[in-house]
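K.L.:
Each chain, written out:
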Amino acid sequence: MPVNLPIYLDHNATTPVDPRVLEAMLPYFTTKFGNAASRNHSFGWEAEAAVDKAREQAASLINASPKEIIWTSGSTESNNLAIKGAAYMYEKAPRTAEGGRGHIVTCAIEHKAVLDPVKRLMREGFDATFIDPPRDGVVRREHVEAALRPDTILVSIMWANNEIGTINEVPEIGALCHERDIIFHTDATQWVGKMPTNVETDNIDLLSWSGHKIYGPKGVGALYVRRRKPRVRLVALMDGGGHERGFRSGTLNVPGIVGFGAACECCSTDMDKDRERLLALRQHLENSITRQLDVVQINGHPTRRLPHTANISFGFVEGESLMMGIKEIAVSSGSACTSASLEPSYVLKGLGVGDDLAHSSLRFGLGRITTREQIDYTIEHVVKAVNHLRSMSPLYDMHKEGIDISKIQWAQH
Amino acid sequence: MAYSEKVIRHYEQPSNVGSFGTTAEVKTKKEIGVGIVGAPECGDVMQLQIKVSDKGVIEDAKFKTFGCGSAIACSSLATEWLKGKTLDEGVAIKNTELVQELSLPPVKIHCSVLAEDAIRAAVNDYKKKNGLAADGGHDGPKIDAVACRPNGN
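Chains as they are written, first to last, in my numbering: chain A, 538 to 950; chain B, 25 to 177.
Among the hints, erroneous ones may be present.
[Unchecked claim] Okay, derived cross-link-like pairs now, DSSO-like style, lysine-lysine, Cα gap no bigger than 30 Å in a straight line:
#	chain 1	residue 1	chain 2	residue 2
1	B	153	A	944
2	B	30	A	944
3	B	107	A	937
4	B	109	A	944
For the record, the hints were derived by calculation from the structure and aren't laboratory data.
All chains, full assembly: derive it from the sequences and hints.
P.N.:
Right, dumping it as structure tokens:
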């Protein structure tokens with residue numbers, strides 16, 4: 538079967554809206570356009586009922602109660618609300634003996650939407666510890682335990698990493714936090730909808746996720762806020778009409794929320810099937826590439842990874858030029874040449890992947906629309922492009938001549 | 025980022041890829057000048073080799089580059105331009121000329137700077153091997169200000 542080009546293999550960045558989701562959303566743009574906060578006419582009631590249904594669908598996906606779901610604009614907002622809202626609510630008053638407002642634990646390879654709120658809180662008088670992950674990228678209970686202090690008020694550890702797909706010990710870290718009466722937040726943007734989630738048995742207090750990573754629309758997200766054992770409180774960041782029980786003012790994005798709910802329901806239905814199929818495809822991709830090319834490294838833990846994510850470093854070729862050689866395949870590069878800074882991925886660097894290999898890495902994000910034929914095409918063209926680039930790579934020559942590139946004194950540094 | 029057609033052509037069909045021998049071999053060849061600039065951690069390493077005649081004319085030039093498409097295009101174009109030039113004409117090639125010919129965007133100017141430095145390094149290596157005074161400008165990759173920065177000048 539011929540492959541339609543281009544091929545989309547960047548599902549960790551965003552996903553297409555599932556046709557079932559779009560169909561559910563459409564009436565809420567035109568005929569059912571009411572404001573869910575309009576309590577005195579049928580247009581409002583209709584919108585409110587749709588939002589309530591979506592809240593149930595979202596809650597059901599993570600085994601929460603609908604009352605524990607707060608609508609937001611996406612994971613960035615959910616993370617900001619969870620981290621800043623919890624820090625301001627649970628800050629040490631009076632301040633600690635050292636004058637701090639409280640201590641936060643997170644990890645150095647979190648998404649910027651977690652790191653930057655924590656850094657802002659540090660400027661405002663909070664302390665923070667950024668755990669350096671081990672080489673396999675998996676943050677474990679013991680790492681968090683070692684970072685805790687008597688004044689720790691919040692732990693925020695992502696469930697699965699967006700660049701390498703590694704899965705952290707979230708239920709175990711949650712249990713630890715509950716033993717110590719510390720609020721536990723997880724950025725589950727890459728996890729929820731793809732993998733089974735149960736906020737009760739997984740010991741989660743606050744959980745962020747986003748519509749567009751789960752085949753729903755962009756611009757809508759959710760924050761799970763635990764209501765009992767413990768009842769988590771937050772200081773709102775957005776003041777206004779007191780929507781979402783005061784947690785997040787602002788007129789609800791009804792079509793987006795309807796889409797979010799429908800996307801959650803599709804994930805509940807399709808999750809097991811998608812997982813197994815994508816894991817088989819990813820293994821085919823990884824095995825074929827490592828069989829056909831030398832000096833290839835799969836980043837992150839070998840098995841404790843999301844089934845649909847592969848991050849591969851190709852020694853002695855540069856990521857951006859590799860992407861140029863596979864221009865019909867949409868992937869993401871660990872090389873940041875395309876962005877404003879030329880620093881390679883801080884996530885890969887955080888794992889101790891050398892700068893040279895971090896520049897040479899690609900993230901393949903498989904998804905619901907990925908086919909076997911697309912993966913076969915990808916394998917063929919990645920191998921071809923790597924060989925083309927290695928034929929003009931001075932570093933590959935040096936490697937073959939037995940020169941240790943890491944020992945060379947590169948003049949600029 | 026959208027590449028110009030010329031960059032894509034050099035990437036897909038680069039001119040003068042190769043070398044005049046292994047790293048050890050070229051060191052002993054007096055007619056060969058070698059310039060290696062950049063660093064793997066910056067995502068760019070350019071290796072430029074020139075073969076110089078008795079009359080001081082660059083007869084042949086070859087490159088190998090680890091880097092983005094623009095870096096490959098700059099080195100490929102530099103080898104095309106170097107052939108037939110005297111050493112002095114070679115070092116007179118300016119990075120801005122490469123930028124113009126390849127329509128490089130500002131974020132890729134550092135690739136052209138690297139190519140200019142590779143030319144100087146190769147010419148100076150040849151001169152050093154043959155007991156000639158290295159002339160002005162850089163003696164290779166002294167481009168600290170450029171290192172790992174998007175706008176290299």
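K.L.:
List, from low to high, the hint numbers that the structure doesn't satisfy.
P.N.:
2, 4
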